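Student: Each chain, written out:
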Amino acid sequence: MAGAGGGNDIQWCFSQVKGAVDDDVAEADIISTVEFNHSGELLATGDKGGRVVIFQQEQENKTQAHSRGEYNVYSTFQSHEPEFDYLKSLEIEEKINKIRWLPQKNAAQFLLSTNDKTIKLWKISERDKRPEGYNLKEEDGRYRDPTTVTTLRVPVFRPMDLMVEASPRRIFANAHTYHINSISINSDYETYLSADDLRINLWHLEITDRSFNIVDIKPANMEELTEVITAAEFHPNSCNTFVYSSSKGTIRLCDMRASALCDRHSKLFEEPEDPSNRSFFSEIISSISDVKFSHSGRYMMTRDYLSVKIWDLNMENRPVETYQVHEYLRSKLCSLYENDCIFDKFECCWNGSDSVVMTGSYNNFFRMFDRNTKRDITLEASRENNKPRTVLKPRKVCASGKRKKDEISVDSLDFNKKILHTAWHPKENIIAVATTNNLYIFQDKMN
Amino acid sequence: MQYVGSYCSCDSWFSQWCCNICCMDSCSVAWEKRKDYAKHSCWFMLGRGLKRKLSDYEENMAGLSSAFDSSRNLTYPLKRQLVLNMCLTKLQTYRMLVEPDLHRSVLIANTVRQIQEEMRQETSQQPVNVCNGIGLHSQNYPGVDSAGISAQLLSGVNQQESNCCDSRSAEEPIENGLLMVSDDDMSSAISSILKDLDFMEDISPPTCLVPAGDDQPKSPENVGLKLEDDRQELKGAECVFGSFEISNSTSYLKDLAIDDIFEDIDTSMYDSDFCCPPLMPSRLPPATTEETLKTFPTCNSSPTNNIQICRTDLSELDHIMEILVGS
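Heads up: the protein sequence lines correspond to chains A and B, in order.
In terms of the UniProt record's numbering, the first sequence opens at residue 1 and continues consecutively.
In terms of the UniProt record's numbering, the second sequence opens at residue 1 and continues consecutively.
Heads up, some of the hints might be wrong.
[What the hints assert, rightly or not] Here are the simulated DSBU-like cross-link-like pairs (lysine-lysine), alpha carbons at most 30 Å apart as the crow flies: (1) K402/A with K427/A; (2) K345/A with K218/A; (3) K79/B with K402/A; (4) K248/A with K79/B; (5) K374/A with K402/A; (6) K248/A with K88/A; (7) K405/A with K387/A; (8) K79/B with K417/A; (9) K79/B with K123/A; (10) K396/A with K445/A; (11) K345/A with K248/A; (12) K405/A with K393/A.
For the record, the hints were derived by calculation from the structure and aren't laboratory data.
For clarity, every value in this text was computed on a predicted model and none was experimentally measured.
Could you put together the complete structure from these sequences and hints?
Tutor: Right, dumping it as structure tokens:
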């Protein structure tokens, strides 16, 4: 059942892999975001080419009681196109930065997708019937002369092949000067926020021609800029509360009831630096790349370059839990700085019961940390174990010294194979892990 | 590098290249993927005597950064200088982009500020004798001291070599070290950045002028080059390139007889860069830079302007070039 047992009691098995097989990765196919919807039935991915691909889980098969439904392509559409800002002579990338689903209210599904500058609300609807029996047209499609129509015929809906249509319902544009890094839907399901490097805006889903600016950290003099916003999220239950993280490793919790412009935080979460770990790169690796509230709303998780931290919202001065993702990289920071890997923005996610957290690493490894048992596991997303129900073998990186069998040394890691985006099904133990251009789906082994 | 067949650490089937110097091995798959055949730190340290361009410099930085990570023999000031140079190179690269990443630029700029602050505090506490063994006069500039750095780099080289090869004593005279490296990466770094400076001002005016109300996402605004008369004061935030404001007295080009300077220099390697020979690392690069920089008047087009346009006096440059090349 969902959430039962920790990350290590679960045996993770390969389920599916989506995407091209060849090593030559087309730039447009690079996956840039992954997100399950609220029921977990749909899984959306966005890529660098501006496309959104939605997978739908098959209904559980009665005959195969031991496996959950597979995810198959449900809809594909071009969400964003490359644009050119003529005023600044800048090209606007069509890469999808984030996708967020709205909770389902009727037969149609809605999601928000955003690139660097523009957010779009898409409606995904199914059509499996069509009206037939009109007598208004000729055989060739021309409308008949009304005077020749002598009978009233009511068309009848007849089944047709399922068609999934995606249509843009709202386009929220021209509100961000800098690059949008986050969107988050409020628990009131009427408003949402969008955050760029220096500002956060509040939108109403129905209104596209204006938004409220709720956070602005742009200094009067850009020379004084020392900190940027890296991620933002609404609290899952309190519609007035949101957090945003910064490049200096701080998280600010703001209450929109306090003032219209939430430049002054209600809470500031910051861990004092460990002097023994100080290096030239301390600030760079403290930059937070992702912040996620737990489903309960009591905790939030942040990801910086080397670790995952869990914060209790009631305690600001330090996290309650810290998990090292790849501490063996600490001695390689200069090389990672030189090849820019130190700027990689890893995301993180909670499982449905908030007992396990997951994040990605290099060499197509991803890590899970069980908060209850304090155990962790490293797994690899690779096509080598691609038989369904093959249990994944735990991996281990050897930091230094004698390398044991089956271990991988730090120097052999492939830093081009990075897992930045991962998602966990909201109710079950199904995870989606994105490598550069492939999407892997893993499930726990059901006995 | 020679081919040696043996077990690879990543378990893949091995044709294996072994570095002659340090015997560090890795499988060719990993080498290939990293594309750093030529960047192995030992190979770099030996020096290849090739003329370096900015791209070569960047490649060598890869070797240096892995040396930074793996070696304990690099002294702290040298490591710091390495990092500073990497930061400046990156900022320079970002400047060339139409739309640099604001997040990265801010992080790198903060790192540079932090290093500069540290350097400034050190030099304000005591005169730093950065040139152990070469016997140069101590220069209290918190900047790119190519002389001192090359000395330290070379002493680092020597120690690296001795650790690797066990064939030299640690007290290798610096002079031998100087001969080992036939090119000075620090001065080539300076020269390339100065070259870029020339390049920048050619295309500059639109990119430099930022009207007050404009929300330009171009973060290099806050890393603009400011060259001021008072070189001692680094204006904290703005002067990411403050390291090039070498604050020392300047007139030694005039004081020295030209013949003295160029006695034992092989000028055949000179090109039109500001590249200076390593045999005389002490004064020329900083002085040259100093002289050149002195000719750049600053200009401020508006109170909120963040990048100051630097104009060279080309005739002055020519004059200096002539001195350098020894024509």
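Student: So, against the hints stated earlier in the document, which numbers end up violated here?
Tutor: Per hint list: 1 and 9 violated.
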